[in-house]
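Participant: Chain by chain, the residues:
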Amino acid sequence: MGLAKRIIPCLDVDRGRVVKGVNFVDIRDAGDPVEVARQYNREGADEITFLDITASHEARDTTVHTVEAIAAEVFIPLTVGGGIRTLEDIRRMLNAGADKVSINSAAVKNPDFVKEASGKFGAQCIVVAIDAKKVSDEAEAPRWEIFTHGGRRPTGIDAIEWAELMVRNGAGEILLTSMDADGTKAGFDLGVTRAVSDAVSVPVIASGGVGNLDHLVEGVKQGRADAVLAASIFHFGEYSIGQAKAFMQQHQIEVRL
Amino acid sequence: MKNQIAIIDYGMGNLHSVASALQHVAPDSDIQITSDHDVIRAADRVIFPGVGAIRDCVGEMRRQGIDELMVGEITSGKPILAICIGMQALMQHSEENDGVACLGHFPGEVKSFASHSNFQVSAEHFKVPHMGWNQVAQVRDHPLWSGIEDLSRFYFVHSFYVEVADKDLLVGECEYGITFTACLAKGNVFASQFHPEKSHTAGLQLLENFSKWNGSS
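So the protein lines, in turn, are chains A and B. Sequence positions in the first sequence follow our numbering and run 1 to 257. Sequence positions in the second sequence follow our numbering and run 1 to 217.
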């Protein structure tokens with residue numbers, strides 16, 4: 001008996017529509033984030049994360065309305081990320097019903113932003129998203145750096161040191177994405193997951209690379225992640241949240257059923 | 001008369017999730033998020049929430065006279081549900097923010113997970129905040145447990161926990177490195193460390209039970 005490892009489906013939302021395709025047989029509009037969230041909620045998701053990839057700032061009002069609509073009927077935690085740059089952005093999302101916001105490039109630009117955000121709203125709602133990429137050669141000790149702009153722009157900042165700094169600045173959780181693994185469906189980068197998870201005192205969500213249920217188990221057992229985030233394996237109906245949880249339980253991982 | 005439920009708003013955090021969860025389970029109730037003392041006093045049931053840092057929470061309660069108001073509300077006998085920092089604020093003292101005197105309705109302390117020795121030498125590497133779905137053992141019968149299986153999971157997110165000085169207050173316990181108070185109750189007051197409004201079926205059931213509870217245990 002104890003704390004369950006969490007399974008978190010992630011939705012990419014552009015101007016109020018789910019993108020990168022969701023393919024459920026039993027919902028009417030797979031582009032409607034509210035319908036998709038409802039379905040994940042029914043299936044037993046432990047949380048839902050939205051990544052707002054809306055490019056224009058004006059269209060972001062749509063995201064606020066989406067969050068409001070979901071929070072009105074899905075009674076599990078919601079995290080919203082993407083484009084969170086100011087305290088006002090955070091306030092709007094929390095007031096709309098988000099429980100947490102995830103901050104990425106705004107933290108890289110100004111690490112003290114996390115301090116201000118955490119001081120104002122509490123560490124419990126501040127997730128720092130880290131995009132890490134391996135920069136060491138095969139022969140060297142492994143080393144990861146953080147990248148911005150979808151993994152295209154290096155920053156020269158060591159990922160482990162960055163995670164530690166973010167926690168000191170008040171992050172309540174770390175969402176760690178391996179840019180090497182993301183989209184490969186070959187599994188998490190367990191090395192960086194384990195290194196960050198062991199380095200910080202707050203929960204770590206592993207992200208990037210999930211292609212099957214074994215990967216989820218590895219993320220928890222080898223990567224020591226507290227939660228696992230995945231998109232495509234759930235969106236395309238390859239596995240349900242329920243199947244993922246049953247599989248994790250068979251592997252002696254505590255889950256909420 | 002409609003069942004009136006007041007959610008006390010003292011400016012700390014978003015209370016819409018609590019309101020929408022209550023609306024969902026008690027659609028015939030009149031649910032208000034309010035700082036108006038008269039509205040709170042007139043309500044049939046009161047929710048006492050809280051998020052963020054305890055010093056700010058208790059500071060705002062005192063500034064707005066919510067501390068005095070709560071004395072009256074608790075003695076009035078009407079059903080009261082305190083959530084998260086709301087529960088912590090009802091204790092005597094918290095270790096958070098270098099020590100904060102709380103409202104003192106119940107004997108006990110609010111302590112830090114991180115400073116507990118089990119968290120410093122543990123091979124299991126317990127993370128703080130305690131975040132996610134954990135099981136609650138129903139150590140005593142209570143009307144708010146109605147229809148909820150023992151050891152159901154609820155959603156927690158907190159770095160400090162309540163240690164009651166009077167074990168008779170305990171109604172729910174949780175384990176995370178140590179055993180701590182998940183819920184306490186006395187008379188017309190029920191308090192939970194977890195967030196029922198974010199705890200899916202079990203949480204909604206608890207809120208529904210609260211919306212019908214007459215305040216006796």
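Honestly, the hints are just simulated from the structure, not real lab data. Owing to the predicted nature of the structure, the values given are computational and were not obtained by experimental measurement. Any given hint could turn out to be false.
Stated by the list, open to error - Below, computed lysine-lysine pairings styled on BS3-like, alpha-carbon distance capped at 27 Å: (1) B:111 - A:115; (2) B:186 - B:212; (3) B:186 - B:167; (4) A:120 - B:111; (5) A:134 - A:120; (6) A:185 - A:109.
Participant: Confirm or reject each hint.
Facilitator: Okay, the hints, checked on the actual structure:
{"no.": "1", "hint": "B:111 - A:115", "in the structure": "holds, 23 Å"}
{"no.": "2", "hint": "B:186 - B:212", "in the structure": "holds, 17 Å"}
{"no.": "3", "hint": "B:186 - B:167", "in the structure": "holds, 11 Å"}
{"no.": "4", "hint": "A:120 - B:111", "in the structure": "holds, 22 Å"}
{"no.": "5", "hint": "A:134 - A:120", "in the structure": "violated, 34 Å"}
{"no.": "6", "hint": "A:185 - A:109", "in the structure": "violated, 30 Å"}
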